[in-house]
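Spelled out, the chains give:
There are 2 protein chains.
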Amino acid sequence: MKTQPPTEKMATAAAFENLNTAGVEGAQDPESLTEPLLSHQRSRSSISNSTSQVALVGADIAENDFFKEDWRTRGRNQMIQYIFMKWSLCFLIGLIVGLIGFLNNLAVENIAGTKFVVTSNMMLANKFGMAFLSFSIPNLVLTLFASIVTATVAPVAAGSGIPEVKAYLNGVDAPGILSFRTLVIKIIGSISAVSSSLLVGKAGPMVHTGACVASLLGQGGSKKYGLTWKWLRFFKNDRDRRDFVTCGSAAGIAAAFRAPVGGLLFAIEEMASWWRSALLWRAFFTTAIVAILLRAFIDICKSGKCGLFGTGGLIMYDVYSADASYHLADVPLVLLLGVVGGILGSLYNFLLDKVLRIYNFINEKGIAPKIFLACTISILTSCLLFGLPWLASCRPCPSDASEACPTIGRSGNYKKFQCAPGYYNDLASLIFNTNDDAIRNLFSKDTDKEFQHSSMLIFFVTCFSLSVLSYGIVAPAGLFVPAIVTGASYGRFVGMLVGSHSNLNHGLYAVLGAASFLGGSMRMTVSLCVIILELTNNLLLLPMIMLVLLISKTVADAFNGNIYDLIMKAKGFPYLETHVEPYMRQLTVGDVVTAPLQLFHGIEKVGNVVHVLRTTRHNGFPVIDENPLSETPVLYGLILRAHLITLLKKKAFLPTPNPTVNDAFSQFSAVDFAKRGSGNGDKIEDIKLSEEEMEMYVDLHPFANASPYTVVETMSLAKALILFREVGLRHLLVIPKISNGSPVMGILTRHDFMPEHILALNPLLARSRWKRLRIRFPPSLKPF
Amino acid sequence: MKTQPPTEKMATAAAFENLNTAGVEGAQDPESLTEPLLSHQRSRSSISNSTSQVALVGADIAENDFFKEDWRTRGRNQMIQYIFMKWSLCFLIGLIVGLIGFLNNLAVENIAGTKFVVTSNMMLANKFGMAFLSFSIPNLVLTLFASIVTATVAPVAAGSGIPEVKAYLNGVDAPGILSFRTLVIKIIGSISAVSSSLLVGKAGPMVHTGACVASLLGQGGSKKYGLTWKWLRFFKNDRDRRDFVTCGSAAGIAAAFRAPVGGLLFAIEEMASWWRSALLWRAFFTTAIVAILLRAFIDICKSGKCGLFGTGGLIMYDVYSADASYHLADVPLVLLLGVVGGILGSLYNFLLDKVLRIYNFINEKGIAPKIFLACTISILTSCLLFGLPWLASCRPCPSDASEACPTIGRSGNYKKFQCAPGYYNDLASLIFNTNDDAIRNLFSKDTDKEFQHSSMLIFFVTCFSLSVLSYGIVAPAGLFVPAIVTGASYGRFVGMLVGSHSNLNHGLYAVLGAASFLGGSMRMTVSLCVIILELTNNLLLLPMIMLVLLISKTVADAFNGNIYDLIMKAKGFPYLETHVEPYMRQLTVGDVVTAPLQLFHGIEKVGNVVHVLRTTRHNGFPVIDENPLSETPVLYGLILRAHLITLLKKKAFLPTPNPTVNDAFSQFSAVDFAKRGSGNGDKIEDIKLSEEEMEMYVDLHPFANASPYTVVETMSLAKALILFREVGLRHLLVIPKISNGSPVMGILTRHDFMPEHILALNPLLARSRWKRLRIRFPPSLKPF
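Order-wise, the sequence lines are chains D and C. Position 131, counted from 1, in the first sequence is what my numbering calls 131; the numbers after and before it change by one each time, with no gaps. Position 444, counted from 1, in the second sequence is what my numbering calls 444; the numbers after and before it change by one each time, with no gaps.
Don't take every hint at face value.
Same chains, same names: a pair is fine if it fits in one copy or spans any two.
To be verified - Okay, derived cross-link-like pairs now, EDC-like style, lysine to aspartate or glutamate, Cα gap no bigger than 16 Å in a straight line:
no.: 1; residue 1: Lys649; residue 2: Glu685
no.: 2; residue 1: Lys115; residue 2: Glu604
no.: 3; residue 1: Lys365; residue 2: Glu626
no.: 4; residue 1: Lys127; residue 2: Glu364
no.: 5; residue 1: Lys649; residue 2: Asp299
no.: 6; residue 1: Lys737; residue 2: Glu626
no.: 7; residue 1: Lys449; residue 2: Glu626
no.: 8; residue 1: Lys650; residue 2: Glu693
no.: 9; residue 1: Lys605; residue 2: Glu693
no.: 10; residue 1: Lys449; residue 2: Asp330
no.: 11; residue 1: Lys651; residue 2: Glu695
no.: 12; residue 1: Lys737; residue 2: Asp591
Calculated from the structure, these hints are not laboratory results.
In isolation and in its complexed conformation, chain D is listed as follows:
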């Protein structure tokens, strides 16, 4: 008998630490999911084709004899090693993500900073044409770079990445979404896109980066690029990898906003589909590492060793004011702010969705149009940012300004722009600046008289439109920062309109405006609340922020869904929702199961297995046995495609259909059945078998999951969905109420629970769909 090195045993042993495997399966499906929008209609129609089309999903726990045997050989030391490795990996994730986050900020601040300094110097010398060129050409070059690398090397790195990671954590694995290539492009692309003054954020890409780092570490590096570490390869199952990815996405937000608690809550509230208390603790550990690391770097940068970084620091709009006083009298105004913010947020989502659909037509045409689109947006942005401040009149510097006025260098509240000495351009202070500095200006207190109404309005409209237009280009682009800057300008504008009728200073209005717009667009509550608190470092604002978020989310929910869900839907991901549609209660699982079902016998002919694997795309097959007591066969278990392929590859065949002494355990090692890294699965097409071998038999018993989850055909779809969702299944066997003939009626997969599939089978039910009590415009009023 072949002896196993302990680490390999451990690898699979890990799969059993907690059987709560609610998982994610590597996408073995050749059809790409990466085109951003096209697949929408396609998936609607194709989705009824059950297990075939979109990326593969879920992962049942493979509880077969083989794994059971493997489990029994585990020792206490392996357990300790496993736990130690788990925490070490979280530590590493925190460390690496924190480091990337810091370097990202450092690079952006230095690249964008240099650009602004050069341009400002030109402006000072009254060389306005040169100034425009020295502003717009670097912008164009940076955008070009970002879009070319994204479009050619890793198209999946475009956009925020949050929808993709969210879908992954729900069990939908788009190809290459967490690969090493995506990681590199995401980092580089995000730095150049943000530096190019496009109105895109860095938080979304940081989340995706964190998820990639976590996934790569979890699967032991990238096989494709030879970057693998044996000692990292303990985590060969979906649950562990999913946990790491959750920690990674929490670390991403923590690094982007220096908001460790906010990042953690973001992962709970928005990202994770399954959550456990133990995971909470591990994610907390990860974000704590990020927070401590960033704190250390800031200490270093404070001494001026980080170039143009340092003064700006990490995003942290410190608006602490000991006099953050407000009274009940301010509440109605805050409510109004929340209502309007909610409407604006849902309008933003609506427009973004439409723009993405339009862009999709362009992007479908190939790489060149994609890049052309990105360049167009870059030129438009440069023109607006440089051109609009000319509309604003110069204002005299206040005599009691707390800082130099006009500021000439890198940052500051009073940009000189084209104005004469002693004057400043308030619109330039906002618009001709990095987003971080603009937000800092908007959030700052004691600046109530600094901006004009018209400037603020222009700024708001510009931000709103540019962020809607910029997200869809083929480059890493986040939505958080654009939403904050748009919301802050909206809030500040409201504050200026209200003027002295309120006790709140305009900086607080900007914070509340940002909260309301974020709430209206992203529809998170706790996590946004804590992120804003951590950004602004003012806990006294808490009740107000909570109120605004609640109002704006409620209002916006009446119009449409959250922005990430809209994007996910547009991409056609089969995301499994938590809530149950009302019509699912009127259907039984028997109503949605689609024939024909492929079955295997306990001892099956090799040729038969090969044929079925080649002709279907199913990922799980019931295994049946003859019943010694009656004529109807009995269900033995469920076998996975991946395990069948391994069996075929190892050629563990029997010459006759009679089971011999079971020597399966000597022929296979646990690692053979372990979960592969993303996209590394073998394909049936790659397996070559001789005619003779095709006539042999294979004993499936030791490799089939002998106790799959089953439901009876009369169970309501809603109830089955709960089982499927809560336990995190990939296959759910449907058994007949009264067995006559086959012991299995069919297999339910994720696709069978998709509303599109069910409504295609039962079109009459569409009207009883759960619309979340949403406001519907009559067709005549429908915007477009």
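Position chain C relative to chain D; hints supplied.
This is chain C only, laid out in the frame that chain D set:
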């Protein structure tokens, strides 16, 4: 056909909004769970007796024909009404809990404040004997009052209540734990216990209060006291009530600490066993209401309308210091603080557990010994608080004191006590004060020279021992505030020892010490972190607090479990853990199912039903039917005891065993099968049937859940537990692999998954129990 008023239909319709019913069943079991500790050993042995002994648990979703019919008649308006009611109730919970929290603080500050003012005046007049009496007699009277009302009216109101609520949310409903009586006693008792200078907290009782309020509102008031409101009675199912209780416990922490986000996280991390994103949002709404309400009250109190309240305010130890600077050099010290804090915290848990076991012997003897014990502790506390400051030497007032020195009135850092004018007693400033003021003193900055080493050490030891001794008395008593005060004194003592070797001021050490002690005792991470942040209003401390919490929790976890779990275990609650014990993977469900199983036929004789209900305590019974195709019967479904009793009560009988036209829907209304309020279930003993009726038949088909969750006998126990836990089941049917004879092998309930039960069946497995890699002392070293 009887027409239903819409509200009644809605009530049950609510049960179906999301079938994810993971619930809690009213305890119909006569055996009380309320004795705090005795049941420990008892439950160990009795638990193998399956469904009989401890409180009833879980709730499967009753998906029978009857409910299905009811579901189909639901309209859109009912849906809107239901959603509106749900949010209104959350609003009400927030409002009431916030109000109670405020009144609680107001009462405590005024009662305890008056006591301290009177005593201080006596001390000023050098009447030390009188001063002692005017301090200790009110203390004794208040303790006496609290313990008498608790012991006689609602013994379950004793202690913190957090373990009970946590168990409820897991599915264990101890009798009367959320009743109106408990609520009243909890509020009154907590006010008097805290005012009596006992070292007990108010946060735990506030959580329990919040849970009671939520539960009573959710079930439409208290039937027993005639306080019911029809319009509130929409929520007749476990899931909705459980959600409200979760919101209520979040509101409790929010009200106690003015920490809305912390309260929410506490509910997620510590309390809830099932969690959904939608619930997050609703709990957030509830805590936001609390936060806004408290903010409004503070505005009112600031104008001095709240007596002795106002200056102290709600607990809020504002330690904001813009210079909260720290460097990497401080990290090793902080690590050490965390390690020692973790050890102290686990020692605290260990001692508390032992003391509770000793107290239990006293408390078992009856009401008088209970009250005597409480009085002894009160007198001991009074003596220590009044006596110990005499040990401290008087210190001269600092010339640059920011406030009057010595302070004479209500609060302040410099208590005069017995000292001469111009001098103050530092120990009295800490010990002869309310806990809130002591914590405020400890957390305050720029007071590094205020306390002596000896005073701080004495204070720490006193707090540690008194809080261990005080928790077990028969009065509402929380653990949070004692842990904070103990931890803060420990941290400050460490800070004083380190002295000028560190950049941190002593107030920050106190905060970190409190974090480490809380982390070591309660083992929460995120929620404690946020609660401490919200208490201290200093976000810059975040990375340090995270670090300390992680370290102390890790260290403490190596010794024992968290304090609430220890208490819950001592009370014998069958709490269903998330993690799976390793030996559960070696067992199949067939190994733990216990015979004999009671079955009913689809059409069953009434006498038979009555007999079975009278002779067993099972809560669910499989219903079987003849199979037209073979000799072995088939499983039809599962019927609940409560539904059988309703059937018997309504006497819906058939004269012959032939099904007639099904008129079940005309005889019953949805409300008949709706979930009753806690403890309101009918009992089989109350149903009287004539001889004739006993010979009739009852058709169980329309009332049985026709699609219960089933598992095959060969499934591993671990896998079945995941299904049971994640979907929140109450019964899980085990079906045989190859059916010969009965189609059901048995029913698994919560008790079958308890480690005690499994290990009793399979004693050899005990050694493979998952010990969480805990340090075990060799027997010779075992403390006691």
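A quick look at each hint next to the structure:
Proximity of Lys649 to Glu685 under the C-alpha cut-off of 16 Å is restricted to the intra-copy arrangement: shortest distance 11 Å within a copy versus 66 Å between copies. In this homomeric assembly, Lys115 and Glu604 never come within 16 Å of each other (Cα to Cα): the closest approach is 69 Å inside a single copy and 86 Å across copies. In this assembly of identical chains, Lys365 and Glu626 lie within 16 Å of each other by CA distance neither inside one copy nor across copies; the values are 55 Å within and 64 Å between. When the C-alpha separation of Lys127 and Glu364 is checked against a cutoff of 16 Å, the pair qualifies neither within a copy, at 41 Å, nor between copies, at 91 Å.
In this assembly of identical chains, Lys649 and Asp299 lie within 16 Å of each other by CA distance neither inside one copy nor across copies; the values are 56 Å within and 75 Å between. Within a single copy, Lys737 and Glu626 get their C-alpha atoms only as close as 19 Å, which misses the 16 Å cut-off; across copies the closest is 12 Å, which meets it. Taking the closest pair of Cα atoms, Lys449 and Glu626 never come within 16 Å of each other, the shortest separation being 85 Å inside a single copy and 85 Å across copies. For the homomeric pair Lys650 and Glu693, the shortest alpha-carbon distance inside one copy (12 Å) is at most 16 Å, but the shortest distance between copies (68 Å) is not.
Taking the shortest Cα distances, Lys605 and Glu693 sit within 16 Å of each other inside one copy (9 Å), while across copies they are farther apart (61 Å). When the C-alpha separation of Lys449 and Asp330 is checked against a cutoff of 16 Å, the pair qualifies neither within a copy, at 20 Å, nor between copies, at 42 Å. Only within a single protomer do Lys651 and Glu695 lie at most 16 Å apart by alpha-carbon distance; the minimum there is 12 Å, versus 65 Å between protomers. When the C-alpha separation of Lys737 and Asp591 is checked against a cutoff of 16 Å, the pair qualifies only within one copy, where the shortest distance is 13 Å, while the shortest distance between copies is 25 Å.
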